[in-house]
Amino acid sequence: MTAGDMSARDQGLARGRGLTLDQVWIIAAVAFVVLRVFLTPILPHDFWWHMATGRVIVETGAIPQADAFSYTRAGEPFYNQSWLAQLLMFGLFQAGGAPLMLLVQAVMLACAYGLLVRLCIIRSGSARLSAGLFMIATLPASFNNWVVRPQSYAIPLFVASLYVLTLWRLGRLRGLLPLLALPLMGVLWVNLHGSFVLGGALLALTFAGELARRVFEDRAEARAWASRPVGTAEDVLARPERPARPPLWQLVVAGVLTGLAWLANPGGIAVIGYVRNLLGSSQVTTLVSEWAPPSIRDPFGAIFFLFLMLGIVILAYARRPPDLVDMLLAGAFLWLALGAVRNNLWFTAVATPLMVCQAAAWRREDAPARPAFQGVPALNAAIAAVLGLALLVTLPWVKPALDLPPSVGALIDETTPVAAVEALRAGPERPARLFNEMSYGSYLIWAAPEQKVWADPRIELYPYEQWRDYLALSEGVDAERLLDRYAVDAMLLSHKYQHDLVEWARAHPEQWELRYEDEQAAYFVRA
Amino acid sequence: VTDRPLLSNPARVLPALRLDHLWAILAVSVVAVLISLNPTAPNDYWWHLKAGQLIAEGGIPTTNLFAWSLPADHPYVYQSWLGELLFYRLYQLGGLPLTIFARNLLGAVAFALVAVEARRRSGSWRLAALAVVLAGAMTMNNFTTRTQNWSWIPFVLVFSLLGRYVDGALTARWLVALPLLMVFWVNVHGGFIMGVLVAGAFAAGETLRRLLRQPYALTWRRLRPIYLALAAMTLAVFANPLGLGVIGYLRTLLTDEASQRLINEWQTPTPRTLAGACFYLSVLAVIAAFALQRRRPTLTDLLLVCGLAWQAFVGARYVVWFGMAAMPIMVQSLAPARSPLAGPARISLRERGGGAAANLLVAALLLLLVVGVQPWLKPLLPLPEPYRALFAPVPGAPLMFSSDTPVGAVESLLAEPCAGPIFNAMAYGSYMAWALYPAAQHFIDPRVELFPYRQWLDYAALDSGHDVEALINRYGFACVVLDLEYQPELAAAMAQRPGWVRTYADGQSEIWRAR
Chain A
3 MTAGDMSARD QGLARGRGLT LDQVWIIAAV AFVVLRVFLT PILPHDFWWH
53 MATGRVIVET GAIPQADAFS YTRAGEPFYN QSWLAQLLMF GLFQAGGAPL
103 MLLVQAVMLA CAYGLLVRLC IIRSGSARLS AGLFMIATLP ASFNNWVVRP
153 QSYAIPLFVA SLYVLTLWRL GRLRGLLPLL ALPLMGVLWV NLHGSFVLGG
203 ALLALTFAGE LARRVFEDRA EARAWASRPV GTAEDVLARP ERPARPPLWQ
253 LVVAGVLTGL AWLANPGGIA VIGYVRNLLG SSQVTTLVSE WAPPSIRDPF
303 GAIFFLFLML GIVILAYARR PPDLVDMLLA GAFLWLALGA VRNNLWFTAV
353 ATPLMVCQAA AWRREDAPAR PAFQGVPALN AAIAAVLGLA LLVTLPWVKP
403 ALDLPPSVGA LIDETTPVAA VEALRAGPER PARLFNEMSY GSYLIWAAPE
453 QKVWADPRIE LYPYEQWRDY LALSEGVDAE RLLDRYAVDA MLLSHKYQHD
503 LVEWARAHPE QWELRYEDEQ AAYFVRA
Chain B
15 VTDRPLLSNP ARVLPALRLD HLWAILAVSV VAVLISLNPT APNDYWWHLK
65 AGQLIAEGGI PTTNLFAWSL PADHPYVYQS WLGELLFYRL YQLGGLPLTI
115 FARNLLGAVA FALVAVEARR RSGSWRLAAL AVVLAGAMTM NNFTTRTQNW
165 SWIPFVLVFS LLGRYVDGAL TARWLVALPL LMVFWVNVHG GFIMGVLVAG
215 AFAAGETLRR LLRQPYALTW RRLRPIYLAL AAMTLAVFAN PLGLGVIGYL
265 RTLLTDEASQ RLINEWQTPT PRTLAGACFY LSVLAVIAAF ALQRRRPTLT
315 DLLLVCGLAW QAFVGARYVV WFGMAAMPIM VQSLAPARSP LAGPARISLR
365 ERGGGAAANL LVAALLLLLV VGVQPWLKPL LPLPEPYRAL FAPVPGAPLM
415 FSSDTPVGAV ESLLAEPCAG PIFNAMAYGS YMAWALYPAA QHFIDPRVEL
465 FPYRQWLDYA ALDSGHDVEA LINRYGFACV VLDLEYQPEL AAAMAQRPGW
515 VRTYADGQSE IWRAR
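In order, the protein sequences belong to chains A and B.
Going by this note's numbering, the first sequence opens with residue 3, and the numbers climb by one from there.
Going by this note's numbering, the second sequence opens with residue 15, and the numbers climb by one from there.
Excised from the complex, chain A in its bound form:
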């Protein structure tokens, strides 16, 4: 029996008697995704500069090809791959501000993870197990990556690709037609985010896994047939028919079309070079924490490794071997995740159906199938209503009125230097060479576009040496020499990330005059 055959034994999705407990589990899983998004303020790093680029595209009618936001790299070429996402973000912000951005983010992720839960239910036949494992394992291991930025637009595309490919190989989607969704999504994806190559990876790994599985299964069947006990004529003649399998050429066609779809972007084939350069960029892989391998000392790194341990235990005690394609996908994406924190997201998405499917196989196959307890419809409805109410009161338009702590109640993360930038803009004279905290650079690009920045989260734009100086300066090391070297005339600093430099500037009032300070930021001007 394959995983996909485990359809209705304990699915328990009874219809027509009101809300079942299974349905409450599914609602809860999706609701928690939405709640997490609603209660997470927008981080500045990869938000504002993308929005500002979207604004430039709208205003100029062209995608910028060179840096126009910094004074340290002004005019240097910069490949702006996520132009469509930037346009979308800017359009949404114009239409409804931060609340609409959060709502769209929540809807996108709810759709993506709802589809993932549905895939798990199809694979395992158990709504409760699917939703339960999703909530206790997948959700915590994924949500540190749910930041409002172009990557978020890629998540639904990734899950949809996984969904289509899985259902195709299970025989639930037949023919080439469903696979044509992949190149169509490819066109969108290649203009939204650099992770578009992962769609191709899903396709290629599915093809490789299916091919290997067929070879292994055919060999096993031939061996079994050759060594069968022969006693009657039926033993010789009644060779069992091979199971119907979707033809692999369909995957090849879909793969070729998806590859061609990637060319449908303003840079053409150059987009592949962009991804390669990004992955090989030493400043990106060594300086940016989310491109660094996960560390167990970081809470989300620890959650990731716990997720991995849970996977090991589930796989070790399942009563049937896992699907080869699932294993191949999980192995490849695990390798990616071990290389960079930001890839946890993709790994958890491909590993969850495998884990649910194998966890379902913990039960003995000969165990009596009993209908799952579906609760009391009225109580189920009440639980769903409470969840709905929680969503309503945390809506971005409502939650500011609740007086929640800023870490969950704010729309824009409190580390965004809104007041400090206003103070800078209101000052009598504007600095020509401002040194700024990296994420502050992102906000400055948006809120004070005329103020060129020293650096911002476009890590690959700036040379490695500059980032090393940034780190040294932020720790207050060799500050005088470095500030002189870059001829810095003002500093917009973060108390949280540049405490040592703030203290250094305070200790040198004859050189640095404090013009503005709040809980988050300090603004110094050379005296």
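It should be emphasised that the hints constitute simulated quantities derived from the structure, not laboratory data.
Each residue gets a CB set at the ideal place from its N, CA and C atoms; glycine is no exception.
Be aware that a few hints might be false.
Some chain B residues close to chain A (C-beta under 8 Å, calculated; not the full set) [said to hold, decoys possible]:
| no. | residue |
| --- | --- |
| 1 | 281 |
| 2 | 284 |
| 3 | 285 |
| 4 | 294 |
| 5 | 305 |
| 6 | 306 |
| 7 | 307 |
| 8 | 311 |
| 9 | 320 |
| 10 | 324 |
| 11 | 327 |
| 12 | 328 |
| 13 | 478 |
| 14 | 480 |
| 15 | 481 |
Away from chain A, derived, C-beta distances all over 12 Å, residues of chain B [said to hold, decoys possible]:
| no. | residue |
| --- | --- |
| 16 | 32 |
| 17 | 47 |
| 18 | 67 |
| 19 | 105 |
| 20 | 140 |
| 21 | 191 |
| 22 | 204 |
| 23 | 377 |
| 24 | 393 |
| 25 | 469 |
| 26 | 518 |
Over the 10 Å line for every Cβ pair with chain B, so calculated as not near, a few chain A residues [unchecked claim]:
| no. | residue |
| --- | --- |
| 27 | 23 |
| 28 | 177 |
| 29 | 178 |
| 30 | 222 |
| 31 | 232 |
| 32 | 375 |
| 33 | 389 |
| 34 | 430 |
| 35 | 431 |
| 36 | 465 |
| 37 | 501 |
We have chain A already, so just place chain B on it with the hints.
Just chain B, lined up with the frame of chain A:
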């Protein structure tokens, strides 16, 4: 399972040394050669050897001694005193080459024990070979000569003895060896705690199996010796000069901010290094083996694998324990279910090659290879120049110590002593403790937990060539002994400083003196 055919009509008579054995011998030989070829970094070698000398001459020291940046009587725990003393006695007996040979031998025996344990669990020497190769590959960054070497064999023995007892291959009296091992272990290296943890995992896992009434779970009567062994091992931990204080030492070591934040081997392994990639590939292999298992791991196996994996995720220095225990467990899952009747017949069918004589010849050649790379013979081999360039010209010890051993620089300091406090690269501090102390002291060395975190931050700043003037003034350095490979920015900064002159340079090290 015996190697003697049990069937009345076996396919053929098996030679004593079979092709199967050769696989394992090959794997152990490859790892032994890898260990022997590995240059010993100065970091954790020389200062331990110096401590061994001090212990031999006047008892276990309890204070800093080697560094001027802290008072000489600043407390410091020489927990690995016996490991240090053993290395020093070996040095007295056969010079530096004998200490390196000890490392090679300890490694070869430890990985041979891994092979034997993997064979016992899987029933296959070929799978045992796989276990050894994977364990060796992920450990390659841990092959330097240091007191951790003394922990390798005790670890495999604890793991193996308990595993054999649980499988019914050994009687309870064998467990008496465990506390005795611990008495040795707790005095040679801080890794002794692994013995207690492994025994604890066996006790917890087997108790759970009993409580869950799993098939082949030990009876309560057979569990009792494990509990007693665990208790005795815990008590044996206190048989050291510090007594109960050894726990406090461990706590200090594991929570030391500088070690946890700044030292590479205390960080989560990264797949961007070869050893890290091998480690994570092995994790993937464990997952695949458990998922596609032919034999399901027991709860104890799972506890061991997950616990040791977690520890390895915490710091690269713990990968060695994961390799030595998890790889035998992994190959156990890959092995077919045991069948006492089919085993020898299958082995017989697989046996190919030239028979006993040819197999012996291959084994002898492998042994020759391992012997040929030992410290006394290695310099005679026509080794490629890039490999030779990895080593420093330590007198009497060619091709043994890595090129960042500052032999020439320290000779220069001995010939022309520095007029004041010396700044030095961290690893150099270790060699300076050996070759310079007590004639001169250094700024910092790899006893990371000894020095305050602030001092490490200053060291890191100087390392990067930042704040050079302020830091030189603050500490009053009269000499800077730097490593060009790791401190090029500092070298560039020194070249631009007026009032300083370079008095020594050899391509690896430089000495700058204040005029």
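Results for each hint:
no.: 1; hint: 281; result: 7 Å, holds
no.: 2; hint: 284; result: 4 Å, holds
no.: 3; hint: 285; result: 5 Å, holds
no.: 4; hint: 294; result: 5 Å, holds
no.: 5; hint: 305; result: 4 Å, holds
no.: 6; hint: 306; result: 5 Å, holds
no.: 7; hint: 307; result: 7 Å, holds
no.: 8; hint: 311; result: 5 Å, holds
no.: 9; hint: 320; result: 5 Å, holds
no.: 10; hint: 324; result: 7 Å, holds
no.: 11; hint: 327; result: 4 Å, holds
no.: 12; hint: 328; result: 5 Å, holds
no.: 13; hint: 478; result: 6 Å, holds
no.: 14; hint: 480; result: 4 Å, holds
no.: 15; hint: 481; result: 5 Å, holds
no.: 16; hint: 32; result: 26 Å, holds
no.: 17; hint: 47; result: 29 Å, holds
no.: 18; hint: 67; result: 37 Å, holds
no.: 19; hint: 105; result: 38 Å, holds
no.: 20; hint: 140; result: 21 Å, holds
no.: 21; hint: 191; result: 30 Å, holds
no.: 22; hint: 204; result: 20 Å, holds
no.: 23; hint: 377; result: 35 Å, holds
no.: 24; hint: 393; result: 37 Å, holds
no.: 25; hint: 469; result: 14 Å, holds
no.: 26; hint: 518; result: 26 Å, holds
no.: 27; hint: 23; result: 28 Å, holds
no.: 28; hint: 177; result: 31 Å, holds
no.: 29; hint: 178; result: 31 Å, holds
no.: 30; hint: 222; result: 13 Å, holds
no.: 31; hint: 232; result: 23 Å, holds
no.: 32; hint: 375; result: 25 Å, holds
no.: 33; hint: 389; result: 34 Å, holds
no.: 34; hint: 430; result: 33 Å, holds
no.: 35; hint: 431; result: 31 Å, holds
no.: 36; hint: 465; result: 15 Å, holds
no.: 37; hint: 501; result: 13 Å, holds
Violated hints for the displayed structure: none, as all numbered hints are satisfied.
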